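Participant: Sequence:
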Amino acid sequence: MEPRVDPTDGRVLERNYDYAQKNVRLLSMWYDCELERMLELLAEHEIELSRNDRQQFGTCYQLLRQRSSC
Numbered sequence: 001m002e003p004r005v006d007p008t009d010g011r012v013l014e015r016n017y018d019y020a021q022k023n024v025r026l027l028s029m030w031y032d033c034e035l036e037r038m039l040e041l042l043a044e045h046e047i048e049l050s051r052n053d054r055q056q057f058g059t060c061y062q063l064l065r066q067r068s069s070c
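In this text, residue positions in the sequence shown follow this note's numbering: the first is 1, and each later residue adds one.
A couple of the hints might just be wrong.
[As the list claims (entries may be wrong)] SDA-like mimics (lysine to any residue), calculated; alpha carbons at most 20 Å apart, straight line: (1) 22 to 50; (2) 22 to 9; (3) 22 to 11; (4) 22 to 61; (5) 22 to 2; (6) 22 to 59; (7) 22 to 44.
Keep in mind that the hints were calculated from the coordinates and are not lab data. Computed from a predicted model, the values in this text were never measured in an experiment.
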C-alpha cells in the first residue's frame, strides 16, 4: 500500500507550484480551492511567489505571511 501524500505539505505544495509553472491561479484550479486559500497556503509555508504572481497578489500575500507568522 502506497503512503498517502498530503497536498498541503510544504514540500508537495512547492513542487506542485513549480509544476503549475509558478502560477497561483493555475495551482488553485488544480487544487480546486479559492485563490485566497491558495495564497494563504503558500504564505504559511513561506513559498515565494513568482514575479508575475507578486505583481498581481503581492500585497495580499505579504499580509497573509505576516498574519501566519504571529
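Participant: If you test the structure against every hint from before, which numbers come out violated?
Facilitator: 5
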